[in-house]
Amino acid sequence: MHMSDSLISPIVAGVGAVVAVSLIAVAIRRTSREAGDKMIPMMGVMGAFIFAAQMLNFTIPGTGSSGHIVGGILLASVLGPWAGFLVLSSVLVLQALLFADGGILVLGCNIINMAATSCLIGYPFITRPLLAGRRTFGRVMWASVAGSVVALFIGAVGVSLETTLSGITALPTAAFLRYMIPIHLVIGIIEGVATGMVLWFLSWRRPALLHNADLDKQKGTSAIWLTLAICSLAMAALFTVIASSSPDGLEWSIVRTSGVEEIVAPATSTTHRFVEAVQEQTALIPDYELSSAGLIGCAILLVLSFILSLMFRNRSAKANK
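The sequence shown begins at 78 in my numbering and counts up by one.
Everything labelled a hint here was simulated from the structure, so no lab data went into it. For every residue, glycine included, the Cβ atom is placed at its ideal position computed from N, Cα and C. Check the hints yourself; a few may be wrong.
Using C-beta positions, here's what the derived DEER-type ranges look like [claimed, not checked]:
no., residue 1, residue 2, range
1, P206, E338, 17 to 23 Å
2, R110, I266, 20 to 26 Å
3, R211, G91, 45 to 51 Å
4, L242, E339, 18 to 24 Å
5, M274, T347, 46 to 52 Å
6, E339, N289, 39 to 45 Å
7, R211, P363, 25 to 31 Å
8, L315, I384, 25 to 31 Å
9, L387, A354, 33 to 39 Å
10, T304, V92, 28 to 34 Å
11, R282, E111, 29 to 35 Å
12, V337, A311, 52 to 58 Å
13, A247, N289, 17 to 23 Å
14, Q358, P206, 24 to 30 Å
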């Protein structure tokens, strides 16, 4: 559901950026208050895992489309809604700047459509309430699927409204929604099942890893984080082999609605031309053209989390003196 800059007007993009930056500011404050020295490495490993998982587009049979997980429900379930939102936003920023996956102008809207809808709506209002009580397999799966479907539904509607407000006449609202909603509901179900399997495993084997658990009482979790880190690197290394090459749900919906593969920004838009030039400079590996692109992205997230962890521990040590 990564929107390109050509789908959005500068005004709508500006509003989206203000909302996204405001949410990120709140997330930073909330996370800095709540995070212990064990939280930062968790955020890094989970960020790398979601970054790698998003690269693995899966084919949706009978449609000619593909999809990928967003990962917000899983992140929020493990890290909490605000920390999860911050991690997913960081992944989206990295994807836009380094890999040109999603536009820079539209980055705020992408953060709203994917990170906010899943971490700040789908998890706290759907998944978490449904998980209350004894966490049976059925309850975990139902909560995960419901949260994922609601988040993807809101995100799909958000994309359609943003293109409408931007005056993209090639994508009439009703026609665009007719394709966007069904395909993303299917993607949401698949993501929900995958998320549910991971959460069920963690609930069964390592419940201390889930949100609201006491981090100071966690024992034997290093092996889980090491396993997730290795899985992230493995998925990143194999994405060129196993990922579907079919258009994703958004691209597929655009083709079905407009009859063209790509919506082109107006040639007279200086804002679009400027942002495109900026992204050409920042995107060192556009469209993941190197087979090692996934490994590089995961490594960046892991290294950043390690640096932040050291900074946090040094700050805590000084505060305790």
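A quick look at each hint next to the structure:
no.: 1; hint: P206 x E338: 17 to 23 Å; in the structure: 41 Å, violated
no.: 2; hint: R110 x I266: 20 to 26 Å; in the structure: 35 Å, violated
no.: 3; hint: R211 x G91: 45 to 51 Å; in the structure: 47 Å, holds
no.: 4; hint: L242 x E339: 18 to 24 Å; in the structure: 20 Å, holds
no.: 5; hint: M274 x T347: 46 to 52 Å; in the structure: 48 Å, holds
no.: 6; hint: E339 x N289: 39 to 45 Å; in the structure: 44 Å, holds
no.: 7; hint: R211 x P363: 25 to 31 Å; in the structure: 48 Å, violated
no.: 8; hint: L315 x I384: 25 to 31 Å; in the structure: 27 Å, holds
no.: 9; hint: L387 x A354: 33 to 39 Å; in the structure: 36 Å, holds
no.: 10; hint: T304 x V92: 28 to 34 Å; in the structure: 41 Å, violated
no.: 11; hint: R282 x E111: 29 to 35 Å; in the structure: 24 Å, violated
no.: 12; hint: V337 x A311: 52 to 58 Å; in the structure: 37 Å, violated
no.: 13; hint: A247 x N289: 17 to 23 Å; in the structure: 46 Å, violated
no.: 14; hint: Q358 x P206: 24 to 30 Å; in the structure: 45 Å, violated
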